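Chain residues, written in single-letter form:
2 protein chains.
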Amino acid sequence: APAAAGDLEAGRKKVRTTCQVCHGLNGLGTNPTVPNLAGESETYIVKQLKAFRSGARTHEQMSIIAKGLSDDDIANAAAYFSAIKVTATPPK
Amino acid sequence: APAAAGDLEAGRKKVRTTCQVCHGLNGLGTNPTVPNLAGESETYIVKQLKAFRSGARTHEQMSIIAKGLSDDDIANAAAYFSAIKVTATPPK
Chain A
1 APAAAGDLEA GRKKVRTTCQ VCHGLNGLGT NPTVPNLAGE SETYIVKQLK
51 AFRSGARTHE QMSIIAKGLS DDDIANAAAY FSAIKVTATP PK
Chain B
1 APAAAGDLEA GRKKVRTTCQ VCHGLNGLGT NPTVPNLAGE SETYIVKQLK
51 AFRSGARTHE QMSIIAKGLS DDDIANAAAY FSAIKVTATP PK
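Note that the protein sequences, when read in sequence, are chains A and B.
Read in the numbering used here, the first sequence has 88 at position 88, and its numbers run on one by one without any break.
Read in the numbering used here, the second sequence has 60 at position 60, and its numbers run on one by one without any break.
Only chain A is shown next, with the shape it has when bound in the complex (with noise of 0.2 angstroms):
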């Protein structure tokens, strides 16, 4: 069944309290070890959040960090990253 629609605010919320330090409240990763995840689908993202905590994925801090995710918390973090509009310009 596709991801149920998650919460844009309560994920807003969700992401700056959990999410932000690392993947940025635009979506852009603070650091090269870290995945830019604006304008990600929230079918990858619930895929990937589930996984890591399922332990079907695992890295050293998003094992952790998933453990305490609840789907709901998954699907509005997926909502909230989705909804951030990004434009893509190849190199020339």
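Be a bit skeptical, because a hint or two may be false.
Any copy will do: because identical chains look the same in the list, a pair fits if it lies in one copy or spans two.
[Said to hold, decoys possible] Below, computed lysine-lysine pairings styled on DSSO-like, alpha-carbon distance capped at 27 angstroms: (1) Lys67 <-> Lys92; (2) Lys47 <-> Lys67; (3) Lys50 <-> Lys13; (4) Lys67 <-> Lys50; (5) Lys47 <-> Lys92; (6) Lys47 <-> Lys13; (7) Lys13 <-> Lys92; (8) Lys50 <-> Lys85.
These are computed hints drawn from the structure, not numbers from a lab.
The structure presented is a predicted model; accordingly, all values stated were derived computationally and were not measured.
Got chain A; can you put chain B on it based on the hints?
Just chain B now, kept in the frame of chain A:
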């Protein structure tokens, strides 16, 4: 050691033949299951591609594609995607 810097033009060519169909030449995923790679750091892209190649991370398509990538292919594709200029505007 930091990822050896790849060659942008060789990377553009590699992305055209191997990555573009899902990840787009502008680095924006062409369907919801595919992550955006636009402006992603070389460090992160190299790490993920090597993880798919070694099996540390698995994915139906990426595990197969990554097996065919040399270290240069990986560095070059990473150089290309990271050179894409990105702007990110959070929702009001």
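Verification of the supplied hints:
Taking identical chains as interchangeable, the C-alpha atoms of lysine 67 and lysine 92 are never at most 27 angstroms apart, the minima being 42 angstroms within one chain and 29 angstroms between chains. Within a single copy, lysine 47 and lysine 67 get their C-alpha atoms as close as 14 angstroms, and across copies as close as 23 angstroms, so both meet the 27 angstroms cut-off. Taking the closest pair of Cα atoms, lysine 50 and lysine 13 come within 27 angstroms of each other only inside a single copy of the chain (19 angstroms); across copies the shortest separation is 34 angstroms, beyond that limit. Taking the shortest alpha-carbon separations for lysine 67 and lysine 50, both the intra-copy value of 9 angstroms and the inter-copy value of 25 angstroms come in at or below 27 angstroms.
When the C-alpha separation of lysine 47 and lysine 92 is checked against a cutoff of 27 angstroms, the pair qualifies only between copies, where the shortest distance is 26 angstroms, while the shortest distance within a copy is 34 angstroms. Taking CA atoms no more than 27 angstroms apart as the test, lysine 47 paired with lysine 13 passes inside one copy only; the shortest distance there is 21 angstroms, against 30 angstroms between copies. Within a single copy, lysine 13 and lysine 92 get their C-alpha atoms only as close as 38 angstroms, which misses the 27 angstroms cut-off; across copies the closest is 13 angstroms, which meets it. Taking the shortest Cα distances, lysine 50 and lysine 85 sit within 27 angstroms of each other inside one copy (24 angstroms), while across copies they are farther apart (29 angstroms).
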